[in-house]
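J.: Next come the chains, spelled out residue by residue.
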Amino acid sequence: MKPQGRALRAAVLILLMGGFVLPILAGFGQTAGAAFGYLPVLGADSLSLEPWRALFALPGMATSLRLTLVTGIGSTLLALVLAAGFCAFAHGRMTASGMARLLTPFLAAPHAALAIGLAFLLAPSGWIARLVSPWATGWDRPPDLATVNDQWGMALILGLLIKEVPFLLLVMGSALGQLPLRQHLAAGRALGYARGVTWVKVILPQVYPLIRLPIFVTLAFALSVVDMAIILGPSNPPTLSVATTRWFSAPDIALILPASAAALLQIGLVLGAVGLWICAERILRRVGLWWLRRGGRGHPTEPGLWLASTATATLMAMGLAALCALLLWSFAWRWSYPDALPQSWSTKFWLSPGKGWGEALKTTLLLGLASTALSLTLAIAWLEGEDQAGTPRAGWATALIYLPLLTPQLGFLYGLNVVFLQIGISGGMGAVIWAQMLFVFPYVMIALSDPWRALDPRQIRAAASLGASPARRLFAVKLPMLLRPLLTAAAIGFAVSVAQYLPTLFMGAGRIATLTTEAVTLSSGSDRRITGTYATLQAALPFLAYGVAFLIPAILYRNRRGLLGTPT
Amino acid sequence: MSLNLTQIAVTPKAGRPLFAPLTLVISPGQVATVMGPSGIGKSTLLDAIGGHLAQGFSVSGQAVLNGQDLLTLPAEARRVGVLFQDALLFPHLSVGDNLAFGLAQSVTGRARKEAVDQALEQAGLAGFAARDPATLSGGQRARAALMRALLAKPLALLLDEPFSRLDADLRAEIRRFVFDHVRAQNIPALMVTHDASDADAAGGPVVTL
Chain V
1 MKPQGRALRA
11 AVLILLMGGF
21 VLPILAGFGQ
31 TAGAAFGYLP
41 VLGADSLSLE
51 PWRALFALPG
61 MATSLRLTLV
71 TGIGSTLLAL
81 VLAAGFCAFA
91 HGRMTASGMA
101 RLLTPFLAAP
111 HAALAIGLAF
121 LLAPSGWIAR
131 LVSPWATGWD
141 RPPDLATVND
151 QWGMALILGL
161 LIKEVPFLLL
171 VMGSALGQLP
181 LRQHLAAGRA
191 LGYARGVTWV
201 KVILPQVYPL
211 IRLPIFVTLA
221 FALSVVDMAI
231 ILGPSNPPTL
241 SVATTRWFSA
251 PDIALILPAS
261 AAALLQIGLV
271 LGAVGLWICA
281 ERILRRVGLW
291 WLRRGGRGHP
301 TEPGLWLAST
311 ATATLMAMGL
321 AALCALLLWS
331 FAWRWSYPDA
341 LPQSWSTKFW
351 LSPGKGWGEA
361 LKTTLLLGLA
371 STALSLTLAI
381 AWLEGEDQAG
391 TPRAGWATAL
401 IYLPLLTPQL
411 GFLYGLNVVF
421 LQIGISGGMG
431 AVIWAQMLFV
441 FPYVMIALSD
451 PWRALDPRQI
461 RAAASLGASP
471 ARRLFAVKLP
481 MLLRPLLTAA
491 AIGFAVSVAQ
501 YLPTLFMGAG
511 RIATLTTEAV
521 TLSSGSDRRI
531 TGTYATLQAA
541 LPFLAYGVAF
551 LIPAILYRNR
561 RGLLGTPT
Chain F
1001 MSLNLTQIAV
1011 TPKAGRPLFA
1021 PLTLVISPGQ
1031 VATVMGPSGI
1041 GKSTLLDAIG
1051 GHLAQGFSVS
1061 GQAVLNGQDL
1071 LTLPAEARRV
1081 GVLFQDALLF
1091 PHLSVGDNLA
1101 FGLAQSVTGR
1111 ARKEAVDQAL
1121 EQAGLAGFAA
1131 RDPATLSGGQ
1141 RARAALMRAL
1151 LAKPLALLLD
1161 EPFSRLDADL
1171 RAEIRRFVFD
1181 HVRAQNIPAL
1191 MVTHDASDAD
1201 AAGGPVVTL
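Listed in order, the protein sequences are those of chains V and F.
Residues 1 to 568 (my numbering) make up the first sequence, in order.
Residues 1001 to 1209 (my numbering) make up the second sequence, in order.
Bear in mind the hints are in silico, worked out from the structure with no lab data behind them.
Among the clues, some could well be false.
To be clear about the criterion: a stretch of chain V counts as covered by chain F if any three or more of its residues have a C-beta under 8 Å from a C-beta of chain F, and this derived list gives those stretches [as the list claims (entries may be wrong)]: (1) 228 to 237; (2) 464 to 471; (3) 475 to 489.
All C-beta atoms, glycine included, are put in the ideal place defined by N, C-alpha and C.
Bound conformation, chain V alone (with noise of 0.2 Å):
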């Protein structure tokens, strides 16, 4: 290893180390210790199991758990199924940049503001209630219908669907870029194999592998997520981690014990599913290599991929439609049921960012530019490093990486509160901007990796030919070059920050205010339009930072052909 390449790499694995793996060993230490009973700061110092006990001893625990794992696993494997179907229909009818304009407004789009959206559609009193009557229904007010917040959690499952569908469709696409996918089909056809039967057989189980990881992240994700399960899951008794966030902010202190006890078992929840999925994994292959030394040629294959896709095209006009429920909302002023549209219109909410979203959009803009441009650099630094000291990933740092987005944010957030807490930094900006970090720097980290590595290393080698050392290679060549992957993975970035709820909640201590703490406050039955306003700024946000991150590159580079390809 080169000696440059070894100081650089050694300040970005400190401050790694420091900076993440630390604190998030911390937050799990600690609310391991409160979950069997150590928890000095409340009195709490002999372990027992008696948190556990109280745990299970709260109304609705069984309930929980199993609204969580149905819910959760559910919406994953679903997601899975909708997407394989749609990408085996959509490939060779959409091109991948018409592919990735289409995905994108649904990866942009925050949690929250698209599960806000999504009940002011589906509400009993909500636009499409309100578009098929009393024409269609016979309905002149609302009808005793639990569309959203059903206590079976179908809501939550939509909702989530809307979300993951979208991103296992870009991993997946990602992953077909590195096949020789063509070849395949044309051999599996070739063989009499289906269209429909060959993606299933043959593609498929090379596309698995290399989307593993990003389907364990979903389904931890959709086994922890709070914000979405708030607004649309039921709520009483809500899901595990609703659960657990409220036992966490009760007024009762005593609660904090089995609030921690019931984030260690969503650790365990999602080890467990993660577990019980790698053994699925393992049966289907068995199943799988029998159906296919079978041979059949599976000719009625094709319906099945009309289904997958045409549920898939729904879920997308829902999402959309969730989106504009909530611009028309916030601009509504007197709507009533069962009217389809507002009778009369108002900007008044718009114009009075006094009354509060003004206060929230600074603060969420700050917070977002802050953890962005810090990930960013730190991406950049890591990577630098890596082509400095000429060595490729180890195994243990794509691990490092994925470590924040595998754990459920329960498991050691209010741990790492405690932490904040006795270091003094607790209810702060820095503290906020710290624990956005977490999730922010992966998925920069991720979106920017493999943009970087295709940069061609001769362009860099004819730059050091040139005299140019190894800092004016980075900021002349490397990073104007990269301009546009730079930009994208900063409106990732960015747009996850915007949607960070629970690390805000916990350690803003309460007094910090952004668009989405909000916006999630706000959707349980507080006036529409005030909701409306802040999830479609919320929403705006992601788009915004998207659009800039298209624009900027656009004009700078409108005449540099070699840098107008496709977006990466």
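Given the coordinates of chain V, assemble chain F onto it according to the supplied hints.
T.: For chain F alone, coordinates are given in the frame of chain V:
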């Protein structure tokens, strides 16, 4: 100043040297040619001399230029220019800025623009300074790349199959252009190629790995 290669050998981390140790003296203005089958490590030899060796390879021997052993210096301090198969003009810079990137920092102020313009003119690219490199033809790109390399005032030049992507007519023309400049600058050049006609045109010593 000549380029003196003594017992140069490149060895992968776990394995035997790629080729028998190479000893070669290239005098100023001369173009030496290295030939050999694909995969023997011709390009790796150039990487070793230029300082661009990938991780996992080690080089032994000596490459002395201007009284200094190159192998101990970082790539940017060797003053060894490289021409690749592709021109590798930086896509984010205009043609003129690509040349200015190579131009030695000792040239300052108005002289920089003049040097760039003069180089463009020599390459038959007068008036191309503001152009997007992606809009240049293959031959124009190859000439611009040579000019960029020469503006850095290299003490030696490495040619990594720089003509192989060009079609036959253009190939002879660009080859002559490059070799003429090597002679005019009076620097040693080392070329790697598959094509015997390149070696004939170079006229210097030929080594087969």
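J.: Each hint: holds or not?
T.: Evaluation of the provided hints:
no.: 1; hint: 228 to 237; result: violated (count 0)
no.: 2; hint: 464 to 471; result: holds (count 7)
no.: 3; hint: 475 to 489; result: holds (count 5)
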